[in-house]
Amino acid sequence: MRKLYQVWMPIFLICLVATAANAQTFSVQCPATTPLHPKATTDPNPVGGSIKCQQISGGDGLATMADGSQTYLFSFGPLSGLNDIAAGLPGTQSQSVFMTPFDPNAGPGDPASNGAVGLVSDTDGVTIQVPDPNSVTGGTLTQSVCPPGTAIATDGSKRSCYTGHVDPRAIMDVGVMNGNIPAPMMAIDEDDEYFLTLTNVGMIMRPDLFEQHTVHFHGYPNASSFYDGVPDASVAINIGGSFTYYYLAPDAGTYFWHCHITPPEHLQMGMVGQLYVRPRQNRTALNSSLLANWTAQQTNPRTASNCAADILCSAPKPAVSTATRGNNKSLSPTLYAYNDGDGSTAYDVEYPLQIHGFDPNFHFVGMTFNPEGFADMKDKYFLLNGRSYPDTTNMAGYQDTTGNVGSGNSAFVGAPTSSTAMYTQDVDGVQRPSQPLNAVVNIPVGGRALLRISDLDVSEYQTLASLGIPMHVVGLNARLLRDTAGNNLAYDSNSITLAGGESLDVILDASDTIKYPAGQTYYLYTPNLDHLSNDAENFGGLMTEVHICNSVDPSSKVCK
Amino acid sequence: MTPTNSKRTITMKRLLPILMIALTLSLSVSAYAAAPGITGPTFNLVANANYISQPDGQMIYSWGYGCNGAPAGFKPSMPGDFCNGMQIPGPTLIVTEGVPVTVTLTNNLPAAAGNTSILFPGMNVATTGGSPGLLTAEAAHGATVTYTLTATTPGTRAYYSGTQGDLQVEMGLFGAIIVLPATVPPNCNGAIPTSNAAAQAFNGETDFRLAHAAYDHPDSCYDREYLFQFSEMDPRIHTQVEAQAGKTCAASTGCLEVATEPYHPNYFMVNGRSMPDDMDSNYATQYPQQPYNGDPHMHPGELTLLRIIGQGRWQHPFHEHGNHVRILARDGNLVLSQSPDPGNPSVNALAGPLLFTTTTTPGLAMDGIFYWTGKGLNWDILGHGYAGDPTPATLTCDINGYFTSDPTAPNYFEWCQDHGVALESHPFGQVAAGGPVTLPNANILTNGAWYGGSAYLGPDATSRATGPNGTTPPSGTIANSPSGEAGLAFMWHSHNEREITTNNIFPGGMMMMMLVDPRVFVIDESK
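From first to last, the protein sequence lines are chains L and F.
Last residue of the first sequence: 1749 (my numbering), numbering continuous.
Last residue of the second sequence: 795 (my numbering), numbering continuous.
Any given hint could be a false lead.
[What the hints assert, rightly or not] List time: in silico DMTMM-like cross-link candidates among lysine to aspartate or glutamate, alpha-carbon distance up to 25 angstroms: (1) K1749(L) - D1681(L); (2) K1567(L) - D434(F); (3) K1567(L) - D599(F); (4) K1704(L) - D1742(L); (5) K1567(L) - E1649(L); (6) K1567(L) - E529(F); (7) K1749(L) - E1726(L); (8) K1567(L) - D324(F); (9) K1228(L) - D1299(L); (10) K1704(L) - D1681(L); (11) K1567(L) - D1701(L); (12) K1228(L) - D1378(L).
Think of the hints as simulated: they come from the structure by calculation, not from any bench.
Bear in mind the structure is a predicted one, so any value in this text is a computation, not a measurement.
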């Protein structure tokens, strides 16, 4: 039996490859227009929002722990928005940027530095045949390859356009071993249509595994099970395949995402990421009433929050509000975490913080070919954004042995100099960015920082405490803390405790400039004192720094 | 087994039971949950030792409360309901606010266990007989104690042993007491509750609710309800107790020398069962000591009351896929605002949070309302809008945007705004076209056992969407086939993900599949 297996398996695999080569299994989807957003993204659409897209790989990689050891990951990596992700930003892109082919040599600011990896143009010969939805006999319809408005060049009778066709070689060149912890960050606005393509590049360190991957958008209200990412309840994406998840952005809040294949294994191994939805209230005109913005949302049942008739009303009408939208500390219009209608969730700068834990024994077993135990899982690295202290505070960006940030990885030549990404040398000798996001919280003096805290630990609860600035908790599980009569239930605390699968929004309010002057440093740390460690080192763990700065760039988060 | 394929072997091994169970589910009638229990107001309970079944084939020696003779009644009444002399969780006691309750407990545990008792946290309890104990009066080996109490507020609460709790609760001595409101607010028999009931009746469904409201509060109406008790088990403790159970003993504190620390549980249970056993029916004959299941089903728009209790000694973050839960109450205490309710100004508004993960802490009970409607997807989950679609192009909708005017319609409670809105650009099959996405070649995907066969809800849409050549189910969709239930499945599970395993085998543990079923599918919670 064993011999037969050894003989026939390679033959079977070769046949599989031969078949797969004929089918276009890698692809992306990011239409220029849709029925809901009929105008190009630069035009305002009546419904608000726009089309946003992102491409991620599902595979494996290595990360560097704060004690210097390398840890094997099952992981997601970026296949779009590479430049933004290297800068610690969400990888989500507008349609026009996403549909610009990625160029590893493009500099910051060039859409090609954030476009979709692998994108190739199609020449519109004449037409293709597609299934006719109204045919009961399996008939087809004739359709132009280039959808209206997508042509990028015309040469005589032929047009070329980007239809979502990708070159598998480019996908594999970038996607293999490019895992990140946390997984690529996603951020969308209410009313956006979001096209998220997951491409399964396989796990090169575990060729014995034929693992599928999925994306579970954790907390999506009224989710369809089809796009919920539970493999038992829907479809899972095989190695060599792409699947585009489609969402209309739900109510604003701090959500998160993860793979849902064998969750105790894939989550522990690192397939966890951050995801948040920004509120419509951010589109309120300067000096206009926030309550008026809230009221305008009540005319549409989709955006309304009617606590008199709906027990799951998400943003109750504020009991008191006279607030208008002003400028924040960086002199741009203030942003809000929720459609609060009263400005109670206003902030100057936001920081996604994801709590996680790694059990090095499980990761070692996960890298080898041994059966895994689940019940006695014991985390020994306690992570904020995939890093433990002191790596959580690293501002400079890790450099390779020749001192070049990001060199050795062609995909990241264009990485911005402000990148704080940590790099890890993979088994092929290439340095790849493994932990793009630090966990430093820079607050402009007198300002308010929104901490979007999510937890995906798979084995225990973790507590995060603030030494100094009180934690003003404004949201829980992606919902505004407010009773159905409209009274705010936000509270002040010096610590928050979360299980895996929970999220919470905290505002660190440093508006008292006497107490919190520029130049001061405070700490976020865990009072689970055994979590202030990095495996055998009795130092580190779940801890990071809060800096009061003269000013903070709200995009790069750089402290000045 | 070669080292290089050992993990695959385990994966197949772990897949096989679930496939077998799924197959069984598809061949037999599916199982649904409700919140079944026994009625009083006089309850004769007994504490006994017996074995409980786990899906890895283990029979685990445990202690549990059970019925000392036939109970006064079962509620809701189901064919084949029983209350044996030992069960885990203990019998769910269903009582009514303001009605005096008497619970008599007989201790039939082995003499080596010593005394036992019941605590009813949050209740004002008087005791009669028994032996004095630290927290309450206890029943000595072979003896009896009586507790009398009157619940002054409705809601769900835990009860559990007040004697050597670290050992006795671990061994299984816990249960739930549900207090029904003395009066149901009139609006809970109002417009939408009435049309939901009409839709159930039209489709031939029976009402399995214990009441029409969880509390004497107009925002606590519900259409369906489920009770979930979370507990964990370290089998090493159970093995040691079993080995010493035969000791001769006359001490009230028992004669067992069993360390309850360090604690390494590897069974994680919902209502005393691990997945997939929890999705077998209530009172299934194969689980004589574990009568209650965890197998929630609902139709779109039905307000579903979740009664959630943390038993045992660990916290469990219970994640409800599909939507948020509005927390009504904790331990039978409504969480209320100081301000009037926007819908019913004569009472105070709800102030409980909206949660997608309801963390259970030991001894904590909470009540919450969940529903699923498919609101805001921007595509018609019923697949309307195709050529020849008999439904009107626009629907008449209620204040929340749902089609609730015709409870006999198969699309009752459809989210109106997306009626006829296409998902697929060029669908294969008869659903609306012109939407934003193209679904990939199905050959690069793996179908789940509970995948209904299409993105859509219901046998009609699924049959139309899976192609012009009929209703052949895509491979793998065996527990929720397009020709059968065709529901939408959502996993409800502990997000301490290591707890969705059974003795280190995935899948298992604290996990279940919640199904949102199409209106035409009959949810019969007695099966």
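Okay, the hints, checked on the actual structure:
1. K1749(L) - D1681(L): Measuring from Cα to Cα gives roughly 28 angstroms; hence the hint is violated.
2. K1567(L) - D434(F): holds (23 angstroms)
3. K1567(L) - D599(F): violated (32 angstroms)
4. K1704(L) - D1742(L): holds (22 angstroms)
5. K1567(L) - E1649(L): holds (9 angstroms)
6. K1567(L) - E529(F): holds (16 angstroms)
7. K1749(L) - E1726(L): Distance of about 33 angstroms is beyond 25 angstroms: violated.
8. K1567(L) - D324(F): holds (23 angstroms)
9. K1228(L) - D1299(L): holds (23 angstroms)
10. K1704(L) - D1681(L): Given pair K1704(L), D1681(L) holds - Cα atoms ~16 angstroms apart, limit 25 angstroms.
11. K1567(L) - D1701(L): Judged against 25 angstroms, a Cα distance of about 41 angstroms means the pair is violated.
12. K1228(L) - D1378(L): Holds, because 17 angstroms separates the two Cα atoms, which is no more than 25 angstroms.
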